[in-house]
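Top line first, the protein sequences correspond to chains E and V. 1 is the number of the first residue of the first sequence in this note's numbering; add one for each residue after it. 1 is the number of the first residue of the second sequence in this note's numbering; add one for each residue after it.
It is worth saying that the hints were derived from the structure and are not from the lab. Every residue gets a Cβ at the ideal spot worked out from N, C-alpha and C, and that includes glycine. There's no promise every hint is true.
Claimed, not checked - Derived SDA-like pairs (lysine to any residue); straight-line CA-CA distance at most 25 Å: (1) E/117 to E/106; (2) V/88 to E/117; (3) E/146 to V/88; (4) V/78 to E/117; (5) V/88 to E/286.
Unchecked claim - For the chain E half of the interface with chain V, some residues (derived, Cβ under 8 Å), not all of them: (6) 61; (7) 62; (8) 65; (9) 166; (10) 167; (11) 170; (12) 377.
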Amino acid sequence: MDRIKVFQIIIFIVFLIIILRLFYWQFFSSYSRDSDAFLRESEIPASRGEIYTNDGFPLVANAEAFLIYGKPHELDKKPEDIAKTLAPLLISEKYATISAELSEDQLKQKEEEIKQKERDLLAKLNNKNLYWVQLARKVPLETKEKIQKLVVRGLGFERDEKRFYPEASMAAQLLGFVGFDKFGRDIGYNGLEGYWDNRLHGKSGRLGQEQDPFGLPILVGKYKPIPSKQGASLYLSIDRTIQFIVEDKLRKAVEKYGAKDGTVIVADPKSGHILAMATFPNFNPALRSEYDEKLYRNPAVSDTFEPGSIFKLIAMSAALDLSIVEPNTKCSCSGPRNIGGYEISTWNKKYHPDSTMTEIIQNSDNVGMTYVAEKLGVDKFYDYIAKFGFGKLTGIDLQSESTGNIRNKKEWHSIDLATASFGQGIAVTPIQMVQAVSVIANKGELLGPRLVVEVKDQEHEELVESQERRQVINPKTAVQITEMMVNSVEKGEARFFAPVGYRIAGKTGTAQIPVAGHYDPNKTVASFIGFAPADNPQFVMFVRFSQPSSSPYGSETAAPTFFEIAKELFNYLGVAPTK
Amino acid sequence: MLPVSDFKSIENKRSFNLIGKIKVKIVLIVAGLVISLFFTQLVFANGLATSGLKLVQIENDINRLDAENRILRNEIAKESSLVALSQKADDLGFKKSPKAIIP
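Just chain V, same shape as in the assembly (with noise of 0.2 Å):
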């Protein structure tokens, strides 16, 4: 016949693996989504942040862009400009006619 307190020893021990053995388990679950989150979060912010690149990029050549036609549209208002057309008919050696030709 054994002893009570050993069958008590042993009632113990036996609940504490089971206790135990569900912890590691709720652990190792809890470890496993940490880890997929982080990893899908990681892919996520990496593509974002690939984007916010694009982004940038995309905003400079709208800059870049808008800058060049407004100095060509400036550019192309001096060059026909009447002070400049007139100056350009004058170095040409062109004279205003006498008489006009009214249509």
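Chain E with its partners taken away, still in its complex shape (with noise of 0.2 Å):
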């Protein structure tokens, strides 16, 4: 054989390998181009929508973040180094202040949890059975450039997003916060948040890109990225000063009466908008996780309690609805009744014979109430009770809203409807409260409360109306409760610190606290609701204190807050004195 032969065969046999191989990559081995190792496929996660007052600034907005996770075969330094270094930085950010600023019991917690961290980032750094191991999420710009500086080999961070509240922890119940699923995704839980996180979540997107082996994309090759979609960005009807009124003169209530919580709604009755809803105590819904767990609950929804005196309002719309009395009716209520063999007296045992039906609400008359109700029925009273909204979700768009506790009629006794005509023996919910108010503020129509007016993508805008609308007493009665609430208001218990000039008008309410079957006589919860200005209401509140230790009547406490809240807000909204 010759040369050229022998060249020739082995050409053949080159390329047949060269083939060969070419054609176990293309069809057996495990090599794919959407896998390999140049092919870069990663999420591009979804910027949460924002929330934002009636004024444009935002509640809730978003800010950088990042995760931080180590490689524990590439780390260049001993884990316990590691550890070390990285376990003061991220800690709880509570402990974000200057170390003299903390009390000598905090630097003790400081102490023990950097302790605690450093066990445990060193049990994640030594575990040399991961390759990744995600050391901390949700971490602040500020602590990853910290780390950052320290250039460990075998450390890495990833781009995220956490919840900013520039107005720290106001709306704090409202608001809700964000927390992880099984999967450690972001979801909304409680409030605006739990409500309204299909809408507030978006859509994460994906990048697949094909890359060199220096990590640049290769143009050539397959490029098509999805974008992600950011959520949608709620426009609420919280009015940021009010809420900030109210919150600072809740705070300063509770803390002066002693009060285990207080919360207040305010609410515009013609539209059902809630201008304010607050609650103390309440939480930063940065640093949750350092707070009772009991505190991220909203009383202003979920809270069922007996409303007490407050009720007596719905009775006495119910009877002169349907004209069983007019406000000059006069009852015999010259003293306690039986009733199904309990005695109802009034809540200062004094008795006012012959009290018109102003007068039976003017001096909270329980036994002038029970003759209101007989007159009534169970039937017709049920069923007001059920227009007014109770004993039905109001349809607010916050998560966890209650129903509050009407009893089916069925059960409803003679003394069950007596004491229901002054609030007890049911329970209601404080935003029932004030859409049972608005009806009468609002000349006898319902609008369902709503929280969202607007919803904004990068697509549409959507206006959010009022669920439900309807009405439930005549315009006439309205303005006969409202009288009476003037009335009230006027020459009430509270009649000394109300406003002067202002027609305003309301109702004190003293409930005492059902426990083990009978009322605890120490613990009452103690409110006011009602509206201002009286002929063209700009707004409704409600006030609610539970066990009030400085008095643990309504007037003295819940009414005094009222009012000094209704002063700040007629400066506010520029409503001028009528007398």
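Please dock the two separately framed chains into a single complex, following the hints provided.
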């Protein structure tokens, strides 16, 4: 065989090997163009929608944050040293103040937390079975920069976002918060974050891009990114100034009256929009893990309570609407009454014979109300309770709303009819009370309460209308009951606190708290509900304190707080005195 | 007179040279084509590699500006929050007017 033939055979064999190898790669190897090392397939996280007050100020915004991870095999320093350096940087943000401002106890707690964090980090970094381990999530930019300056090989960062609250704890229970679901993705809990989670969370995008060995994109390769879609932003009816005033006054009042907690709701009766909704004590959503979980609930929509005397407005409205009584109808309320084996008396044991209906409301007369309730009867009273929206959800756009508790009509006896007329034996929520009294302020028309006025995303702007709109009582009845409420403010127990020159419609309430089948005389829920100005209401307001210790009565705790806030609102809204 | 065998070998040599010349030409043309294509690809790849780098730089710039904008926006919101403003007013000694001026 000559040399040319040998050379040809060698070339043939080499080409055959190359072709076979290419064939193997193309058809048999696990090598795949879609999943090879040079194809970067990653998720582009969607920004969550933001939440704005009615002046366009962000109550909830997004801030840049980072996920910090470690690759235990690639670390160029001892895990012990890395854990020791990182631990002080990754503890709770509440310690992000200079050490001199922390008390001794807090310093101790901080030290313990650092040690705990150090142990956690060390365990993760020492686990050589892991290629990649998450060290911390939602780490702020400043912390990330500090860690980056340490220049540790084997530590890396992934871009993320976290919620930022410019007004700190303002409207915390109303807003809710963002936590993680079982897959570690952001999800809203409670309040607006929970209710509107589907609209807020947006849609993640995907990025599939071929890269060269240096990580640079190959432009002639496949390059089809699916962009992420930011979640829709919510524009609320909440007025930031009113919310601030309410929270400030509420905090001071809870401390002054030694109450367990307090809740205030301010709404616009003509639209059903909520202007402010506050509870104290509250929490800072940015540091929520530092607070008791019980504080996450929004009592304004999820707490049920026996309303007490403020519920007299509902019974009286029903009786007036059916023309069963008139404002000047007199009752024979000369003393305590025995109904179904129970004695019904007035709150101060004072009795007012021949009281008119207006005076019954003015004196908050329980005996007088039993007269009204008996004239109404169970069926009619029950119908009006339902018409005013009690016993069912108001439909407010907040998570965890409660229906309250109105027992089935068939279970009502004469004593239940009597006690319900002055707000005992039934349970309602604060937002239901606001909705019901807004009916009186709005000429008898009910508008479901709403918080979100507009939902905006990159493509649409959607106006949100009130879900429910219906006439509950006649406009004439609304005027009559309004006059009774004005009279109650001007001549009732709380008259000394009312601002001079304004016609305010309101009613106090004091309800004992049922404990183990009986009422605890020392524990009350003190409340006041009303609206102003009576002739052209700009706001409906509800104030409630749980177990105030300075005085158990609504007239001495909730009413003064109502008037304190009302004075500020008159100034803010530019409402001039009329008298 | 030439022997028949000699004539045959001369004819064979002539045809072999012709085929060889054609083959060499083809090889040269193919080689030239391959080399020119190789350099063309090199030039394009070089250009694209630079574009890829530029793309990454632009993307990084966009991300950096977005992040800076967001930081500034949040800083403005924080500084103009009612919580911060009321604290500053207190620190500067401002008091609430006891009498309201209603427009």
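Each hint tested on the structure:
1. A distance of roughly 16 Å separates the Cα atoms of residue 117 of chain E and residue 106 of chain E; the hinted pair therefore holds under the 25 Å criterion.
2. For a cut-off of 25 Å, the pair hint linking residue 88 of chain V to residue 117 of chain E is broken: about 36 Å separates their Cα positions.
3. A hinted pair counts as satisfied when its Cα atoms are at most 25 Å apart, and residue 146 of chain E with residue 88 of chain V does not qualify at roughly 30 Å.
4. Under the criterion of a C-alpha separation no larger than 25 Å, the hint pairing residue 78 of chain V with residue 117 of chain E is inconsistent with the structure, at around 30 Å.
5. Restraint check for residue 88 of chain V and residue 286 of chain E: the C-alpha separation of about 22 Å stays at or below 25 Å, so the hint holds.
6. With a cut of 8 Å, the hint placing residue 61 of chain E at the interface with chain V holds, because the nearest CB-to-CB distance is about 6 Å.
7. Of the supplied interface hints, the one on residue 62 of chain E holds, with its beta-carbon coming within about 7 Å of a beta-carbon of chain V, less than 8 Å.
8. For residue 65 of chain E, the shortest C-beta to C-beta distance to chain V is roughly 11 Å, which exceeds 8 Å, and the interface hint is violated.
9. Contact between residue 166 of chain E and chain V, as hinted, is supported at the beta carbon level, the nearest pair being about 4 Å apart and thus within 8 Å.
10. At about 5 Å, the closest approach between the beta carbon of residue 167 of chain E and any beta carbon in chain V falls short of 8 Å, and the interface hint on this residue holds.
11. Given the 8 Å rule on beta carbons, the hint for residue 170 of chain E holds: about 7 Å separates it from the nearest Cβ of chain V.
12. Interface restraint check for residue 377 of chain E: the shortest CB-CB distance to chain V comes to about 48 Å, outside 8 Å, so the restraint is violated.
Checked against the numbered hints given earlier, this structure breaks hints 2, 3, 4, 8 and 12; the rest are met.
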